Amino acid sequence: MDSGAGESSAADDYESLMSTTDAELLKSAWRNEKAAPEILNYAADLVQRSRQQIQLMEEMVEDYINDGVDPLTVSLYQIDLDRTMFLLRSYLRTRLQKIEKYVFHIQKTAEEWNRLSKQEQKFASRFAGDIKHHLDQSVLSRLPDQYQSHLRQSAASEEDDMVPEPQLDSYVVCRSKKYLGAYQLDDGGQELINIEADDLYALPYKSIKPLVESGQVDLV
Amino acid sequence: MAGTSDPHASAFSAAELEFLAEDEMIEIVPNLRMDALNFISGDFGPFRPQIPTQAPLWLAVALKKRGKCTIRAPEWMSVDKLTQVLEAERDSDKFQPLPFHYVEISRLLFDHAQGDIPDTYMVRSLIEDIKDVRFHKIGKGLESISGGGTFALKLKNLSAMEANIVRPFVTRALETFYKLSSSDMIQETDNAPNRQQTANRGPRVSYMFMLYIVKSPTDAQRQLKDR
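Top to bottom, those sequences are chains G and C. When we follow the numbering used here, the leftmost residue of the first sequence carries the number 1, and every step to the right adds one. When we follow the numbering used here, the leftmost residue of the second sequence carries the number 1, and every step to the right adds one.
The reader is advised that the hints may include incorrect statements.
Pair ranges (Cβ atoms, derived) [what the hints assert, rightly or not]:
#1 E100/G with S181/C: 52 to 62 Å
#2 E165/G with F135/C: 30 to 40 Å
#3 Q114/C with D63/G: 33 to 43 Å
#4 D45/G with R66/C: 55 to 65 Å
#5 E165/G with T83/C: 44 to 54 Å
#6 R48/C with R49/G: 26 to 36 Å
#7 E59/G with T53/C: 56 to 66 Å
#8 P52/C with V69/G: 22 to 32 Å
#9 Q48/G with M122/C: 27 to 37 Å
#10 L135/G with D91/C: 20 to 30 Å
#11 D169/G with Y121/C: 19 to 29 Å
#12 D91/C with K122/G: 40 to 50 Å
#13 L56/G with P52/C: 39 to 49 Å
#14 F135/C with K177/G: 42 to 52 Å
Cut-off 30 Å, straight-line C-alpha distance, at most; resulting in silico cross-link-like pairs (BS3-like, lysine-lysine) [as the list claims (entries may be wrong)]:
#15 K68/C with K178/G
#16 K156/C with K179/C
#17 K108/G with K179/C
Hint data in this document are derived by calculation from the structure and do not stem from the laboratory. As the structure is a prediction and not an experimental result, all values here were calculated from the model. Cβ coordinates follow ideal geometry from the N, Cα and C atoms, glycine included.
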């Protein structure tokens, strides 16, 4: 990447990192996960921290109720708690949906497999097993021999052509928090695009994938 | 399972966008005394009667519903400002800067704090008009997307809701262009397994969309040369 605003960015990064709350981070993790075509890295630490915060807050609300704190205050804390729990649940659920959709692809791609948490891997294995079993039982076992694979159309196929894969060249809408300068769009081309702070762009996901992973760009 | 289509036709629901908008800050004037609240989402308050303070919209609405505060309409939601925006919106091809969540914010305020907004009816109809003009512009913008080699689209000043609505069309149209312009397209179509995809995509959307800066390779090169 050719970044025009190189010098100040390291300090900015640090500053913005320090001032970003977990709630913000969870929100952008959720947004990115929802908008990205493929499954992203599991935000293990963030989920861990959010879980702890939620638990703490639950205990606190419990205490407040027992201590007879003003019901209005309690209800406000409860709303905040509900909002955070919604984000966390929706984040995890979005990931599960992607896993269900691309399970065979994720299973055979080590890089993507490693993006899952331990529990997700367990889920994926069981889900893949169940689906395979179901397909075998209901259809495949009754087909002629060369058509019995759940991954290939027929024994003549050269590769697994019945495995849905995420479309990495699909377009996403994204927004950068700061000016990124001229950014090279595609592998082969000379096209440059000036990514400016807070403007929306529709770009192919694969060309900005590194920016999403490093948190420089948010999907919206 | 096989051949499932586009994974993110519309990434967010209207309710989810509203959820995001509820984190935007707004000024409230509480009429109760309450200590600072240390939420997971941040610290707010303390609240003192008649002393204006900042709060996220969801908190403001929650307090408002219980009659514990009045909400101050944001600056951009005044008749003066909105009239200016509407005029500018009509005069120019460009989209005027408005808060990213202006649709959701105004909707929430109209639903829950109507009495706190000066000139409610005027403000409401101005916002409706602005929305209409912008949508019309979006519609018009579609036509200019047509040329081949469109790689990226800058959606300057488009709001969250608008972007979410145009997303399915824009992304699909761009994808189609991208495929058509890539040199290995012919081989790709020979690869039979992607059966139904080609059938129901394609030209149907291709002339439909665009918003206002189109960067084709030729455009980009021309711009570079000009400098």
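Status of the hints after comparison with the structure:
Evaluation of the 52 to 62 Å hint for E100/G and S181/C yields a failure: the beta carbon distance comes to about 33 Å. A hinted range of 30 to 40 Å holds for the C-beta pair E165/G and F135/C, which are about 35 Å apart. Look at Q114/C against D63/G: about 37 Å separates their beta carbons, and that is inside 33 to 43 Å. For D45/G and R66/C, the hinted distance range of 55 to 65 Å is not satisfied, since their beta carbons lie about 37 Å from each other.
Between E165/G and T83/C the CB atoms are about 51 Å apart, so this pair conforms to the stated range of 44 to 54 Å. For R48/C paired with R49/G, a C-beta distance near 32 Å keeps the hint of 26 to 36 Å intact. A C-beta distance of roughly 28 Å is found between E59/G and T53/C, which places it outside the suggested range of 56 to 66 Å. For P52/C paired with V69/G, a C-beta distance near 25 Å keeps the hint of 22 to 32 Å intact.
Checked against the hint of 27 to 37 Å, the pair Q48/G and M122/C fails, with Cβ atoms roughly 50 Å apart. Look at L135/G against D91/C: about 60 Å separates their beta carbons, and that is not inside 20 to 30 Å. Take D169/G and Y121/C: their Cβ atoms lie about 48 Å apart, and the range 19 to 29 Å is violated. With their beta carbons about 59 Å apart, D91/C and K122/G fall outside the hinted range of 40 to 50 Å.
A beta carbon spacing of about 31 Å between L56/G and P52/C contradicts the range 39 to 49 Å that was offered as a hint. Checked against the given bound of 42 to 52 Å, the beta carbons of F135/C and K177/G, roughly 27 Å apart, lie outside it. Proposed proximity of K68/C and K178/G is contradicted: the alpha carbons are some 38 Å apart, above 30 Å. Pair hint K156/C plus K179/C holds up; C-alpha atoms about 25 Å apart against a cutoff of 30 Å.
Restraint check: the Cα-Cα separation between K108/G and K179/C comes to about 26 Å, which is no more than 30 Å; the hinted pair holds.
The structure is inconsistent with the numbered hints 1, 4, 7, 9, 10, 11, 12, 13, 14 and 15, although it conforms to all the rest.
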